[in-house]
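Undergrad: One line per chain: the protein sequences are A and B, in this order. Numbered per my numbering, the first sequence spans residues 1 to 257. Numbered per my numbering, the second sequence spans residues 1 to 170.
Hints are computed from structural coordinates only; laboratory data are not their basis. The beta-carbon is built from N, C-alpha and C at its ideal position, and this holds for glycine as well. Heads up, some of the hints might be wrong.
What the hints assert, rightly or not - Cβ pair distances, simulated, as ranges:
1) B/Ile14 / A/Thr61: 24 to 32 angstroms
2) B/Glu98 / A/Thr61: 57 to 65 angstroms
3) B/Gly83 / A/Gly125: 19 to 27 angstroms
4) B/Thr16 / A/Val91: 50 to 58 angstroms
5) B/Gly83 / A/Ser128: 51 to 59 angstroms
To be verified - Subject to a maximum C-alpha distance of 25 angstroms in a straight line, what follows is the list of computed PhoX-like cross-link-like pairs (lysine-lysine):
6) A/Lys54 / B/Lys149
7) A/Lys206 / A/Lys161
8) A/Lys185 / A/Lys46
9) A/Lys214 / A/Lys161
10) A/Lys206 / A/Lys46
11) B/Lys121 / A/Lys214
Claimed, not checked - Pulled from the structure, derived: some chain A residues nowhere near chain B, Cβ distances all over 10 angstroms:
12) Gly103
13) Pro193
14) Gly215
Each chain, letter by letter, is given below.
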Amino acid sequence: MKKKKTALLLVPALALGVAVLTSGPAFAATGDASYQGTLDSINGSKGSGTFSIKVSGDQATVTETVSGLAETFSGNPYPHVQHIHIGAKGVCPTPAADTNGDGVISTTEGLPSYGAIGTTLSTSGDTSPAAGTDLKVAGMGGSFTYNRTFTLDAATAASLKAGTAVVVVHGLDPTTLTKAAQDAKSDLVPSLPLAATSPALCGSLKASQANMPKGGVQTGGGSTSSGADTGLLALGAGFLVAAGGAVIVRRRLAARG
Amino acid sequence: MLPAPQVARVVGPILTASEPTQINIPAIGVHSVLMQLGQNPDGTVQTPSLDEASPAGWYTGSPTPGAIGPSVILGHVDSRVEGRTVFYRLGDMRPGDEVLVTRADATVAVFVVDRVEEYPKDNFPQFTVYGNIDHAGLRLITCGGQFNKTTRTYPDNVVVYASLVSSHAA
Numbered sequence: 001m002k003k004k005k006t007a008l009l010l011v012p013a014l015a016l017g018v019a020v021l022t023s024g025p026a027f028a029a030t031g032d033a034s035y036q037g038t039l040d041s042i043n044g045s046k047g048s049g050t051f052s053i054k055v056s057g058d059q060a061t062v063t064e065t066v067s068g069l070a071e072t073f074s075g076n077p078y079p080h081v082q083h084i085h086i087g088a089k090g091v092c093p094t095p096a097a098d099t100n101g102d103g104v105i106s107t108t109e110g111l112p113s114y115g116a117i118g119t120t121l122s123t124s125g126d127t128s129p130a131a132g133t134d135l136k137v138a139g140m141g142g143s144f145t146y147n148r149t150f151t152l153d154a155a156t157a158a159s160l161k162a163g164t165a166v167v168v169v170h171g172l173d174p175t176t177l178t179k180a181a182q183d184a185k186s187d188l189v190p191s192l193p194l195a196a197t198s199p200a201l202c203g204s205l206k207a208s209q210a211n212m213p214k215g216g217v218q219t220g221g222g223s224t225s226s227g228a229d230t231g232l233l234a235l236g237a238g239f240l241v242a243a244g245g246a247v248i249v250r251r252r253l254a255a256r257g
Numbered sequence: 001m002l003p004a005p006q007v008a009r010v011v012g013p014i015l016t017a018s019e020p021t022q023i024n025i026p027a028i029g030v031h032s033v034l035m036q037l038g039q040n041p042d043g044t045v046q047t048p049s050l051d052e053a054s055p056a057g058w059y060t061g062s063p064t065p066g067a068i069g070p071s072v073i074l075g076h077v078d079s080r081v082e083g084r085t086v087f088y089r090l091g092d093m094r095p096g097d098e099v100l101v102t103r104a105d106a107t108v109a110v111f112v113v114d115r116v117e118e119y120p121k122d123n124f125p126q127f128t129v130y131g132n133i134d135h136a137g138l139r140l141i142t143c144g145g146q147f148n149k150t151t152r153t154y155p156d157n158v159v160v161y162a163s164l165v166s167s168h169a170a
C-alpha cells in the first residue's frame with residue numbers, strides 16, 4: 001500500500017497532463033485507412049507531385065498536387081489522364097520496361113510493373129476503368145490540384161491494402177521524345193500520339209505512417225507579440241528563401257542562452 | 001488479406017510503439033509533460049488550449065516517438081495569458097541538439113536534430129513534415145514569423161526535424 005502511494009505521488013504532473021486530454025480517436029482505432037506516395041518523373045518528364053488517399057468505408061478522398069508536366073496540347077491545356085493501377089507488382093517501371101526500345105515506356109509496357117487501371121482519377125462522373133482515356137475528365141495543364149471524394153471499388157480497395165496500388169499520370173511533351181517516338185501512335189488510343197497516353201508521373205502508394213492533418217498549426221497566442229525568438233530570427237538576414245516558400249535556417253542570429 | 005506493407009528500407013534504430021509522456025530539450029530548457037492531440041473537425045491538428053499553462057502535445061495521428069515514421073509533437077510559442085510558453089525558443093535549435101522523449105514503457109528515446117525550417121502556414125509542406133520516411137523521425141512544431149496583431153496569429157510554422165539515435169531506461 002505504501003509503495004503504491006509513492007508511485008502515485010511521482011506522477012502528479014503527468015496526471016495533470018492526461019486530465020486535460022481532448023484527444024481525437026487514435027489513427028489505428030478508427031477503421032479508416034490512409035495511403036500516400038510521391039509522384040516521380042518517368043519517361044523524362046519534368047514533373048513531380050504528391051498523392052494521398054483516405055479511405056472511410058467505401059468512400060475515398062484523394063488529395064493530389066502535380067506540377068511541371070506538359071502544359072499545352074494543340075493549343076489547349078494538356079489533358080493528363082490519371083489512374084490508380086492495381087493488381088501487379090505495385091512498383092513503377094524502370095527503363096528496362098521499354099521492350100520495343102523506342103525510348104518511351106508506354107502504358108502497355110508498364111503494365112507488368114503497375115498493373116491494369118483500377119480507378120480512373122476523373123474530375124467528374126465515372127471513376128471506373130471505362131473512363132480511363134476520356135480526355136475531358138483528365139487533369140488539365142502542366143500543374144493542377146485534384147481533390148475528389150468518390151466511391152471506391154472493391155478491387156482498388158484491396159490493392160491499396162495489399163500495397164500494390166500505383167498512381168500513374170499520363171501525357172508527355174512530344175518535343176522531349178525521339179523522332180520515332182514522336183511519330184508513333186498511342187498503344188491505347190490509336191488516334192492519339194504515343195506521347196499523349198504514355199506515363200509522365202508514377203508513384204507507388206503505401207500505408208501512411210501518420211494521418212496527415214490539413215494545413216499549418218495554430219501554435220501561438222500572441223502574448224509575447226513580436227518577442228518570440230522565432231519572430232526575431234525571421235526579421236534578420238539569416239534565412240534563405242527557397243523555391244516553394246520554404247525558409248531554411250542557415251545560421252542563427254540570436255545567441256544561445 | 002495481406003497486411004499493410006511498411007516502408008521497405010529502414011535506416012537507423014527503431015523502437016516498438018509506446019505513447020510519449022514527457023519531452024526534455026536541454027539546449028533550450030524545455031521540460032514538459034505531453035498531452036495528446038488529435039484532429040479538429042475541419043481536419044487540422046488540435047493544439048493545446050491557449051488559456052492554460054499548456055504543455056506540449058503529441059499528435060495521436062502520428063507514430064509514437066521512436067517508431068518508424070514522422071512522430072509529431074506540437075507546442076505553443078506563446079499564449080494569450082502566460083507569455084512565453086513551452087516552445088518559445090524552438091527556433092533557436094540547431095542540428096546536433098538532443099531531444100529526449102520519455103515513453104510509457106519507461107524508455108527514453110534520444111533524438112538528434114537534423115534541421116530547422118520555417119514555412120508559411122498557407123503553404124505548409126504536408127508531405128515533407130508528415131509524409132512517410134525510412135527512419136524513426138520526430139517533428140517539433142510551433143509558430144513563427146511576425147505576429148499579426150489584427151488576426152492574432154503568426155504567419156509561419158517552425159518545424160524541427162530530428163532522428164532517433166538511441167534509447168535508454170528512464
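Undergrad: So, against the hints stated earlier in the document, which numbers end up violated here?
TA: 2, 3, 4, 6 and 14
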